[in-house]
Amino acid sequence: MKIAVCVKQVPDSWAEKKMVNGILDRENVDAVLNDLDEYAVEEALRIAEAHGGNEEGGGNIITVISMGPERATEAVRKALSMGVNDAILVTDPKLAGADALATSAVLAAVIEKGGFDLVICGTESTDARMSVVPAMLAERLNAAQLTFASKVDVDPVAGKVSITRVTEAGVDEMHAQFPCVISVVEKINEPRYPSFKGIMAAKKKTIESRDLVAVGVSAEGAWSLVADATPRPARATGIKVTDDGTGGEQLVSFLAEKKLI
Amino acid sequence: MSKVLILADFVGTKATKTNAELATAGARIGEVTAVVFAPVGQGSTYAAAINRGPIAKIIVVESDAFAANGVAAVADVLAQIIAAQSPAAVLVASHAFGKEVAARTAVKAGSGIITDAVDVSADITATQLVFGGSTTVHSKVSHGTPIITVRPNSVDANTTESTPSVETLSFSVSDASKKATVTSSQPPVQGGRPELTEANIVVSGGRGTNGDFSAVENFADVLGAAVGASRAATDAGWYPHSYQVGQTGKTVSPQLYVANGISGAIQHRAGMQTSKTIVVVNKDPEAPLFEIADFGVVGDLFAVLPKATEGIKAHKS
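Going down the list, the sequences are from chains A and B.
Numbers in this note's numbering are just positions in the first sequence, counted from 1, shifted up by 1004.
Numbers in this note's numbering are just positions in the second sequence, counted from 1, shifted up by 323.
Calculated from the structure, these hints are not laboratory results.
Careful, some of the hints might be misleading.
In silico lysine to any residue, SDA-like type, Cα no more than 20 Å apart, as pairs [claimed, not checked]: (1) K1263/A to V545/B; (2) K501/B to Q1181/A; (3) K501/B to D1176/A; (4) K573/B to E1172/A; (5) K463/B to V1230/A; (6) K340/B to L1099/A; (7) K1262/A to N523/B; (8) K431/B to S1222/A.
All chains, please: the whole structure from these sequences, using the hints.
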């Protein structure tokens, strides 16, 4: 199987994020591999391992695909050290401030050129939190959309994927033929830590860098624009009581006073 | 007058209160048409459930592909309706399904998309709260028909009864939109409680429950609230993952959020700090969540909550 895993480098969840000129300031914060993409990398490795592995002669190859500035190689390298075969990083100054539509167009162009059976993504990035790129990829690639999976079963001989989809609307059992775009929820697996051997091996693996010309997509700019971004005022300090046996009653009085009960 | 489409929101066969919220926001821009996708033969039943909020018209499309093929089939037909109706904007509920439908529709229609709006103004400017609610952003779609997903529970809804005209239209779902097949669907298990992201009140528990959610649940039930949990609680297996509030779980914005035994890591705050009123109960007086609490009780939740539960019962009677 040819498996593509899409990953994104994001500001560390703990870092203070700021907008500069309507775009997230990515330069002055610590950046990491999006947490939720680690589950996608892990799932790709597990699918390959269950069906011959992704080492030479194993019959499977896993490629990580990312879009971002040069420094996104750090995030890509982490996926490589977990055991992915190789990587493609699309980096071009014209892509600064790209929206989900532009991002999905670039990723789809790269994936299409490489050919694939499965594309695996996390459900969202922890910075933009839109949760739309996997669905856009399925649309652009004319592939089956199997998203929000908490369980994935692949039958490479029949070219069939079955998933359990878990959202606020309930639990669905779904299936489709290759090619498929899958997004996985956290809890599907426990991502492995890169081993020392994996980290050393990752240094020798190829990260192919492509610009927009090589990808064959023109930058259209974002189709939605931020007019203004303002930090919200901090919440005023409230009342704090120590429970002396009447904490419960005081809480009820507060709720009654606020007309919340 | 310009026309606005809203995608009617259902959980199973039940119309949600989000419909009136979408209609209220939409009516600021133009005349609201609700688009109802129903199984064959059930269009009129589904349409009849859309009866609250400023809705002028309902377009019903019947196809079994909507249930059988999910997001792709719905987006396929929604894009065809957009092409036929040329609306000024399209508003969709901001949950997993709604965002995915909006995503595919935006690609098909060649339109910009904004997700997770908490408000939409007459000039189609969307308000979003980003970075865990710490920053307010106003943005506009600059290309094509604006497709905006609006978070449930954010817009103050006009819920007056409406009697929209109903028109049934027929569109075909292409084979390209039938690549994924849904073989079974189970509705979420709610245990009679409101849906987490729609609830007016959320009562949640964390590490401090030590795995015993009974006090949290009893308090939630007396308030008619939804129950939430911190990542620590769901990671420990104490509460189902689908109830997790936080950066990697649900984002909630209720009138009242009561956090019990939750210290308040940034991860959790990101999912709840836009709640109107925040109450915190925690044994640890240094718990960071007290910093954003309107009312905090330093104490054992197993002592405080049962008394508060009794107090509310007494208040009600």
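Structure-based check of all given hints:
1. For the given pair, K1263/A sits about 15 Å from V545/B by alpha-carbon distance, which is consistent with the 20 Å threshold.
2. For the suggested pair K501/B and Q1181/A, the alpha carbons sit about 11 Å apart, so the restraint of at most 20 Å is met.
3. Note on K501/B and D1176/A: the hinted pairing holds, with a Cα-Cα distance of about 16 Å set against a maximum of 20 Å.
4. For the proposed pair K573/B and E1172/A, the alpha carbon gap of about 9 Å is at most 20 Å, so the pair holds.
5. This hinted pair checks out: K463/B and V1230/A have alpha carbons roughly 7 Å apart, not beyond 20 Å.
6. The straight-line distance between the Cα atoms of K340/B and L1099/A is roughly 39 Å, outside the 20 Å bound, and the hint therefore fails.
7. Only pairs whose Cα atoms come within 20 Å are accepted, and K1262/A paired with N523/B is accepted, the gap being roughly 14 Å.
8. Of the supplied pair hints, the one linking K431/B and S1222/A holds, its CA atoms being roughly 18 Å apart against a limit of 20 Å.
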